[in-house]
Amino acid sequence: MITENLGLAHQLARRFLHRGEPLDDLVQVASVALVKSVDRFDESRGVDFAAFATRTIIGELKRHFRDKGWAVRASRRVQELYLELGHATSTLVQQLGRSPTVAELAQATGSSEEAVLEAIEAGQGYRAASIDAAENEDDPLSARMGERDAHFDSVEDRALLAPVLDMLPPRERSILRMRFVQGLTQSEIAVTIGVSQMHVSRLLAASLEQLRQHIGQESPE
Amino acid sequence: MIGEPEAVGTETLGDGDRVVLTFPARGDLVVLARLVASAISARVGFDIEELEDLRLAVGELCLLALQGSDARHGDLQLEFTISGEALDISCTLGGAAPQSGSRDEDRNAADELSEQILYALVDEHGREQEDGSVRAWLRKRRKGPLA
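Those protein sequence lines, which keep their order, are chains A and B.
Quick note on this note's numbering: the first sequence kicks off at 662 and runs consecutively.
Quick note on this note's numbering: the second sequence kicks off at -2 and runs consecutively.
If we strip away everything but chain A, and leave its shape as in the complex, we get (with noise of 0.2 Å):
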């Protein structure tokens, strides 16, 4: 009984891969649960020993996950990897003068694609200010992850930002017309005008800080 339905041990470890345990281990797991459900199984009850195998199986392959605190490795392994994911960022825009793709993220990091977007999606669930709490003041995460220009992307604020744009510096003028008018993102005005990416993140967020400021003095109440 036990040999037939190795490979369903098998197929069963395998579903819980992606969770940062190695498939031996799962497989071992997984194969233990399976002798478990022999000597528990009752065959005077009339159900399917696959059936019964089966939720004894994923029951431990849970329970083995739960025992080893994976829920906040889990969070904090998202964490990292989101972390990985501007340093890669970074590294990738200079190699390859443009912004890195998913795929190439997932390379880099070693990551499957799908973690890389959760990954993402997950990292706007914490606020930016832990994490460049944590980092350099003149080299924020935020400022290398930062292809977002939070809270000004609006068709609002950017009929809003017309008006204004003479107030600023002629290089500035020119970096947000090239992101707002023109639509290019950080990393192709940073080749455009032979600065980081980074830098350009930080030009964008003063200039815009100002613009706001600017705008919330001239708008009426």
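By construction, these hints were calculated from the structure, which means they are not laboratory data.
Think of the CB as a built atom: it goes at the ideal place given N, C-alpha and C, for glycine as much as any other residue.
Accuracy of the hints is not assured; some may be wrong.
[Stated by the list, open to error] Below, in silico cross-link-like pairs of lysine-lysine (DSS-like), each with a Cα-Cα straight-line distance of 27 Å or less: (1) Lys697(A) / Lys723(A); (2) Lys729(A) / Lys140(B); (3) Lys140(B) / Lys723(A); (4) Lys697(A) / Lys729(A).
[What the hints assert, rightly or not] According to the in silico footprint, chain B covers these stretches of chain A (three or more CB under 8 Å from chain B): (5) 668 to 678; (6) 693 to 705; (7) 713 to 726; (8) 777 to 783.
Please arrange chain B on chain A, whose structure you already have, making use of the hints.
Chain B in isolation, oriented as in the chain A frame:
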């Protein structure tokens, strides 16, 4: 060092909300279903273990809907419905004709495995076939009330 994360943006979907995702019925795109399932699970307040169960279950749901049909020209439509006590997910394969002939043993075994996995991960599940569409569904209740 990473600062303690502040969980934000959770529980932003609540009773009566519905999310629909449609994509070409291809195995390599099931990743879309899993990603949406985890985003929704997080937003209705499931914990990370329940979220992982749902990711796994949604993959099996898609497999169940895909098996037994010629899905080359079909679409998979996933519908996530949030109610006060549970998250309901249904997966419908539309526009694909059921494959003619008897289903082979391998496919039956695969179906069976998916069903057994769903049995272990969610509270209720099922599959129906009507008018050329295959619909597989599941219900996962939360330990506490939903947001």
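Verification of the hints:
As the CA atoms of lysine 697(A) and lysine 723(A) are separated by approximately 15 Å, the hinted pair is consistent with the 27 Å bound. Proximity of lysine 729(A) to lysine 140(B) is assessed by CA-CA distance (about 22 Å); at most 27 Å being required, the pair is judged to hold. Taking the CA atoms of lysine 140(B) and lysine 723(A), the gap is near 17 Å; set against the 27 Å cutoff, the hint holds. As the CA atoms of lysine 697(A) and lysine 729(A) are separated by approximately 20 Å, the hinted pair is consistent with the 27 Å bound.
Three residues within the 8 Å Cβ limit are the bar, and the segment 668 to 678 of chain A against chain B gives 5, so the coverage statement holds. For the segment 693 to 705 of chain A, the stated coverage by chain B is violated: 0 residues have a C-beta nearer than 8 Å to a C-beta of that chain, whereas at least 3 were required. Only residues whose C-beta sits within less than 8 Å of a C-beta in chain B count toward coverage, and the segment 713 to 726 of chain A has 6 of them, enough to reach three; the restraint holds. Counting residues of the segment 777 to 783 of chain A whose CB lies closer than 8 Å to any CB of chain B gives 3, which reaches the minimum of 3, so the coverage claim holds.
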